[in-house]
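Here the protein sequences line up with chains A and B, keeping their order.
Just so we're aligned, residue 80 is where the first sequence starts under this note's numbering, counting upward by one.
Just so we're aligned, residue 2 is where the second sequence starts under this note's numbering, counting upward by one.
Everything labelled a hint here was simulated from the structure, so no lab data went into it.
Fair warning: there could be bad hints in the mix.
[Unchecked claim] If you want the ones that stay clear, here's a sample from chain A, every Cβ over 12 Å from chain B, calculated: (1) PRO213; (2) GLN214; (3) GLU237; (4) GLN238; (5) THR239.
[As the list claims (entries may be wrong)] Listed next, the stretches of chain B that the computed footprint assigns to chain A, with coverage defined by at least 3 CB atoms under 8 Å from CB atoms of chain A: (6) 51-57; (7) 195-206; (8) 219-232.
Using N, Cα and C, we set each Cβ at its ideal position, and we do this for glycine too.
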Amino acid sequence: MPEQNDIDFIQATAQGDADALMSLYDRYNRLAFGLAYRILGNPSLAEEAVQDAYLQVWNRAASFDISRGSNVRGWLMTIVHNRSIDIRRRDIDHKPAHVPLEDAEHRLSVPDVWNDVSANLTQEAMRSAVATLPQDQRRAIELAFFEGLSHGEIAEQEQTPLGTIKGRMRLGLRKLRTVLVDQYVSPDGLDHDVDRGHFRTEVG
Amino acid sequence: MTSEGSSVNDRSEMDIESLLGAAAFGTLTAEEASGLMAYLATSDAARAELAQLRVIAGVLPLLTDEREPSPGLRGRIEQAVRATPHTEQREAGLPLTTTSSAESETVRPLEFSTQLAPTPIEKAPGWRNYVWALAASLLIAVLAGVMLDRIFLQAADDDLEGRETIAFELTLPTPVDDLSAELTYDPDRQLFVLETENMPAAPDGQIYQVWLIDGVGPRPVGVMVDSTFALAANRDEYAAFAITVEPAPNGSPAPTTTPFFVAELAPADADA
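The shape of chain B in the complex, shown without the other chains:
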C-alpha cells in the first residue's frame, strides 16, 4: 500500500471513528449508522470504544431530577401488563424470540410480499389520509392477484364484560389454517387486547410490531411476542391500530412495511 493510500485510509478511519460519540447516544442518521456498522465489523478497537462510551451514556439519566408521575400511571401500566400473558419459554438471559424453538419447528414463518411495501411509510400530514392510503394499497394488492389468506371484517359487538370488538382487516400472503384473531377495547380501562390463535411466526429476523396511528403518524407501541397483545391507550386519541413486519428484536422507529393488520378506531358509538 502506498503512503498516500495509507493516509487516505487513516483519514477515512478517523472520519468514521468520529461518529462513535453520536453512536453512543443513538443519534446517527441511517447513512452514518450503515457506514459505522461496516467499520465496527472490522475494528476491535472501535467496538471496544463504543462499548465504553455507551456505558457512560447509559448513566447520564442520573443527571435528571426525579419527579413524581401521576398516581394513575401505575394503574394503567399494571392493567396493560396483567392483560398480556407470558410464555413459559421466556427465561432471563436468553435472547428474545418471537416463538419458542418448538414452535419454530412446526410453524413456517410467513414470507411477506415486498410488493405491498416498496418503500417505507412516511409520516402523513393527516391520519385519515393514511388510513385511506392503506385501504387503497390493500385493495390494489387484491386486484393485482397477491395471494390473500383471509380478510376478517368483524362487526362491532359488545361482550358481557363491556369490551367492544373492533373490526379489522388482516392480510397475509399465504393461507393459514385455523387462524383467528380478535381485537377488543375496554373503554373503562382504556385497554386494547389483541388475541390471536394459530398466528404464524414472523419471518426469520423479523417481528410483528404494533402501531397506533394518529394525526401525526404511526406511533410504535410494542412488539408481539405472544399470541396476545395488550395496550393501554385511549381509543379516542387514535385513528387506527395496525401491525407491520419489522426487524427483530425491537422493531423500527417508523414502519418499513405496509401493515398486514389494520383496524380503524372510529369512536365507540360509531360502531353501533
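One chain only, chain A, in its complex shape:
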C-alpha cells in the first residue's frame, strides 16, 4: 500500500478524519514544536502554540486550497508561526498584535512549481541559502521572523534608519529567493518565468 502523502491527510482531515490530523501531527510535531520553541523560548507556551495551531488546522483544513500547491507543511508551519508570534507579542513582549493581510490572501497566487519546490526544501538547503545573505540582511529577517518584530521595532533595536531596515528585509527575501531558484528550479521542465522572477498572479 503506497504511503499516504500530506495532501491525502489534509483532505481526510477536511472531511473529519481525526486520525489523518494526528498523522500530520506525528509527521510534523517536532518541526512545529521546534519552531514555536525558537520563537517563544518556553516549552509550555510553545506547546500552547502548537496545540492551537493543530486545532486551527482541524477547523480550517477545508480552506487549504490544493489548486494553489501541495505544501501542507508550509501551510501548517505558517499557522504555527503566526500563533507563536501572537503569543510572544501578547505574553512575552507585551506588544500589540500585528495586522494580517487576510483579504489579500486570495489575490495572491504563485505557480504550483514553487509550492512544490518549497514543500521539498530541506533544512540544509535553507541554511546554506541563508548563509549567502549579508549579515545585516540575515539579522533583519531573523528578527522579523523569529521575534515578530516590525521594521520599526527592528530599526529601534538596531539603531538603524527605518528605510534601511525595510530595504534589508525586502532585499534579503529577494536574494533568498534568487538563491533557491538557482539551486532548485532548473530551466528544463519547469516554469521558465520563475527563473526570471515573474510569478503569475491571479487577481481576485
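Let chain A serve as the given structure and place chain B on it in line with the hints.
Chain B in isolation, oriented as in the chain A frame:
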C-alpha cells in the same frame, strides 16, 4: 501629469513597496496594512512580489532545529479534535464557510448591534476587571433597550460523565427560536465543549471567534465552524470563556466587538 507629480507618485510607490518585506512576515501595523492593501489592489507587480516573498518567508521555519514536545501534547490535541464533529459539507479546496450554502438559504445571519462595541477591546491589566466590564456593558445594553434574545443562566450541574456544566450569558440582538447552548468542562481531560442548537450564522463576512481570558487579556483559541466547539485547556488558568463576532475566515488577534457569550470560569468547587 507633471513631472513633479510623477516624482511624488514614484516616491509614494517606493515608500509603499518598501513595506512588502514586512508584509511577507505579517508584521505590519494596522495603518501600514491598510495602505498596502489599497496599493495592492492597483498593482499587479506588487501583488506578484508579495506572493514571491511570502513563499520564501514560508520556508524559513526550516531554519529551526526540531524538538520533541512533551508526550502529553499529542493526547491533548487528539482529545480536543475528537470532541469536535465535522460537517459533511467540508471538502478540501473549498473556502471555509461558517455554514453550508443550504443553511445560508434558511438561516438569516444575525445583525449584531455596534452599540455594544463602539471600540475594540483593549487588554485589561487584570482579568477580573475585564469580566466586570463585560457584565456592566451587558447590563447597560439591557437597560438601554437593546433587544436581547435570551439570557441563559444555567446552574452548575455535574453529569454522569463527570463533566461540569458552566453557567453563561448569551446576548443576541434578535430573537432566535429554539436556540439552545450548553458549555461543559471535563476536569479529567481538561476539555471544554460548547454545544449549540439552532445557532444562527454569523453575519456575512464574519465568524464567531472563541476566546479564553486570563490575567493578561483575551487569548484567541479558535473559530466556530460547527454547532459544537471543543477546546483543550485548563479551566483553572482562565477567568472566562467568551465569544465575539470577528472578520471571517480567521478572526482577529484581539477582540473587535463585545462578547455576546460570556462564561465566568470560577473554580469547579465554587460552582457547587
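Quick rundown of the hints versus the structure:
For PRO213(A), the non-interface assignment is confirmed: its Cβ lies about 14 Å from the closest Cβ of chain B, beyond the 12 Å cut-off. In this structure GLN214(A) is separated from chain B by more than 12 Å, as the shortest Cβ-Cβ distance comes to about 15 Å. Even its closest Cβ contact with chain B, about 14 Å, leaves GLU237(A) beyond 12 Å, as expected for a residue assigned away from the interface. Distance check on GLN238(A): its Cβ is at least 18 Å (rounded) from any Cβ of chain B, clearing the 12 Å threshold; non-interface status holds.
Look at THR239(A): its CB is around 14 Å from the nearest CB on chain B, clear of 12 Å, so calling it non-interface holds up. Here's how the segment 51-57 of chain B fares: 7 of its residues keep a CB closer than 8 Å to some CB of chain A, so the rule of at least three is met and the hint holds. Counting residues of the segment 195-206 of chain B whose CB lies closer than 8 Å to any CB of chain A gives 0, which falls below the minimum of 3, so the coverage claim is violated. Check on the segment 219-232 of chain B: 7 of its residues sit with their Cβ under 8 Å from a Cβ of chain A, so the three-residue criterion for coverage holds.
Hint 7 from the earlier list is the only one contradicted by this structure; the remaining hints agree with it.
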